[in-house]
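Enquirer: Once you've looked at the hints, dock chain B against the given chain A.
Here is how the chains run, residue by residue.
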Amino acid sequence: MAVRFGIAVFPGTWSERDCSHAVSLAGGESTLLWHADRDLKGSDCVVLPGGFAHGDYLRAGAIARFAPLMDAVAEHARAGGLVLGICNGFQILCEAGLLPGALLRNRGLQFLCQPTWLRVETVSTPFLAELEIGTTLEIPISHGEGRYYADPTTLAQLEAESRVALRYSGPSGELADRYNPNGSLHQIAGILNEQRNVLGMMPHPERACEPLLGSEDGLALFAGVVRGLVAAGR
Amino acid sequence: MTQVVPEAPTPAELREIALTRAEYESATAQLGRTLNPLELGMLGAMWSEHCSYKTSKPLLRQLQSTGARVVLGPGENAGVVDLGGDLLCCFKIESHNHPSAIEPVQGAATGVGGILRDVFAMGARPVALLDAIRFGDLDQSLQRHRFARVVEGIGFYGNCIGVPTVGGETYFDSAYSENCLVNAMCVGLAERSQLVRAVASGPGNPVMLVGADTGRDGIHGATFASVQLDDSAEERRPAVQVGNPYLEKCLLEACLQLCGHPALVGLQDCGAAGLTSSCAEMAHRGGVGIEIDVARVSRRERGMSPYQVMLSESQERMVLVVERGQEDAVRRIFDRWDLHSDIIGRVIAEPELRILDGLEQVATLPLGILVDGFAERRPPSRRPSDLDSRLAPDPLSSPAPWSPEESWLRLLGSPNCGETRWIFRQYDHQVGDDTVRGPGGDAAVLRIKGRRDGLAMTVDGAHRSAALDPRRGTALAVAEAVRNLAVVGAEPLALTNCLNFGDPDQSEVMWQMEEAVGGLADAALAFGIPVVSGNVSLYNDFQGNGIPPTPMVGLVGQVPSVAVSAGLGFRAAGDLIYLIGPAGVELAGSEYQRLAQGTATGTPPRLDVAAELAAAAAIRDLVRGSVLSSAHDCALGGLAVTLAESCIAGGLGAIVESPLAPPSPAPTGWAWGVLFGETSGRYLISVAPDQISRLAAVCQGHGVPVLKLGVVGGSSISIGGLAEIGLVAAAQASSGALVNLMERG
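Which chain is which? The protein sequence lines are A and B, in order. Counting in our numbering, the first sequence runs from 1 upward without gaps. Counting in our numbering, the second sequence runs from 1001 upward without gaps.
There's no promise every hint is true.
[What the hints assert, rightly or not] With a Cα cut of at most 20 Å, we get these calculated DMTMM-like pairs of lysine to aspartate or glutamate: (1) B:Lys1449 / A:Glu216; (2) B:Lys1449 / A:Glu29; (3) B:Lys1057 / B:Glu1376; (4) A:Lys41 / A:Asp71; (5) B:Lys1054 / B:Glu1025; (6) B:Lys1449 / B:Glu1025; (7) B:Lys1449 / A:Glu210; (8) B:Lys1057 / B:Glu1514; (9) B:Lys1054 / B:Asp1082.
Just so you know, these hints were derived from the structure itself, not from any lab.
Looking at chain A on its own, in the form it has when it is part of the complex (with noise of 0.2 Å):
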């Protein structure tokens, strides 16, 4: 049986058919969760997806904690369940306390829509698990709240337990302060719970999966996934 993506749906999301399109081309297949509903549909791996769920009002991810389909998710993640959050996804899983941490307006003010490099950071994870650590991957940023922040404890935290999962650097992984896009604590675009199950990125690896659009070195997150589970035996 195929590895089964579930893709959430909030009012305001509108990467889902992205994230849909990035598995199929991965090998896996996906289905919508709507965000009112409990139901994983039998989810392997749970993605929430970018846009702007219920119009990042108040703030990005504040009110889509509150989703029916968040409980589902956080019971997902805590029986050891993938759980990828890709941009607003990313600020709905720091609101709904399953990563730490929050994502402050960039930097600079604007919202930036643009290519950046991710040095990989660890591979101890089904997300990353087939790539090498230091490996760059050229995946683009659109957001405007993307600057990863987190009191000193936690960010040393994560960095002692190598949770950073991705960081903005240069083409050949250099870490300057001009490759980080908006202002993120310690270059962060990426970082993983304590189980290292649930990823949340600010990039968006389903705009990087075929030559055709510039990049596929996103293609891996997914296609990691999908083989990852099929080689568990699942």
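Expert: This is chain B only, laid out in the frame that chain A set:
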């Protein structure tokens, strides 16, 4: 009906609704009675220039709107063309100039919101947005503010609703200091079975208003757009609406779910003149009437009068007519998205718009009068008396203030020619996962999932040459759009246009309109491109100072394969550089002339449509056949700026010869003419040496002149004997053009 016979309105009351005394008298004569204030307000809005096109309509009849691929032309919410395989493409451009001058963020945002609704009202899913925007010079802080806020507003709406902004055109000129232009274009896709018309039918069928609550915002917005801006414009701020892209996203999804559903009869955007125009137009198209009970309209504020409800331009609302008995099925769709769906009235057999407030009938107007009863206007026109003196000078005889090198770097470093990344990085140009070529190039290219072919689109405005010769300037904009499509391998399908002018009651402006629309009609016909939708924005005038004639052309084309495309940047050192099309030294109305001399004088560039058509066909064949390494339209800033752009994009220098030998004796400005002249019909291409014979064969086959200029490579950009600049210096000038101005605060 109120028993009191209303008195004739005062001049001030007529001015408030932009109605002339003669128009008022014509309305009462047709009706055989006076109008009450509500009727007068509705009539004023419907007869305003913005809704009625009473001044431009006679001119617009010249535009050819039919063609083999045209499914629906003007008169609907948007034009529709056939892409084959039961897929339709739906698109339109529209202005939001006046609101953006007053409140740039919301003005621009609601411009985007409005054009999106026009497209999904047809049952099409919006897949791309483009914008053509104009401001005064950025050395003024007010202009920087307005520009930055308009960009923010466009991004705010498009980014939130999740439709990519894939292209556009930005231009700065002091002529737009008082009247900025914000034209937004939207392109959508629909299965043929999903196509919906904005037509009411079936007396007894319920009329529903869905989406946002109705508030007091935007009352008389249509009227506001039909008068000049003046110092009291600030007081019009309440006439600017406030956008809620989140709500519109929900509305979009719900409406698209409904399109193709048997319960839906007709769907119409609730835009300018609010419920009045959407109901009147839908009913009139269907030869029926509509009765509305304003008491059943969900409101944002207490104490709103029927007048305010009928003329509110609150955003994110749609009007629909549904099959009687199917109301609940429709309701369930909107409920799922937490949207209102109020039954506010019904279709009636009598061809009139009837307004109730509960049990009381408060207005009744026959649709023939409300929608069609106005008299078309043809204000007197006059060729500007100083035109000959502006056309006479030879720009080549003007002394140049700067050396060729300095001119070149100044142009590259100017906001009009420099890199526009500062703008488009603020727009999500990728959502939807279909953007093969985004902003910053000649034309955007979108793939269509599941198909081999794709869409190409561009928006191009007439530049300074239109101020000298509106007819030719407009035709040149069409030619430029065709070239922009050709370099990505696309053939034009149809065009949409936004005609921005000053006050048509000034005879010279009326002349500009006549000439420009004539030029558009001639060019569209000559290029074989039907005009399927459009919008006219008049009264872009501040205290008697109008904008130059500024027609914008939005062109949509089809590429047979999205995988094949050249790109504008040079690709490899050693590739050979060619100019396709005529060599020329035409500086009149050029960007160089504007920057160096602050004027537009002389005869604008010639336009040879037959040669343009042949060159475009040759370029398409070359691109589709993967003969070229790069292809770039040679336009703003002339050969020198075009060459530098290809160098900068590819990170490679170039050494080329001048395409023309100087005459003897050479005029003073000869070198500048060769470098920066904007002769139409040219492409700058590069090819690998092993492709030269294919290049020659294709060009010969189309009878197109091709001139070898030089070779890609090195660290400088040199045009034989005329000028040479460093690649790094050129790149720095271009990349800093906007950023340096905008980020200094």
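Enquirer: Decide, hint by hint, whether the structure agrees.
Expert: Evaluation of the provided hints:
no., hint, result
1, B:Lys1449 / A:Glu216, "17 Å, holds"
2, B:Lys1449 / A:Glu29, "17 Å, holds"
3, B:Lys1057 / B:Glu1376, "7 Å, holds"
4, A:Lys41 / A:Asp71, "14 Å, holds"
5, B:Lys1054 / B:Glu1025, "17 Å, holds"
6, B:Lys1449 / B:Glu1025, "56 Å, violated"
7, B:Lys1449 / A:Glu210, "12 Å, holds"
8, B:Lys1057 / B:Glu1514, "11 Å, holds"
9, B:Lys1054 / B:Asp1082, "30 Å, violated"
The earlier numbered hints that this structure contradicts are 6, 9.
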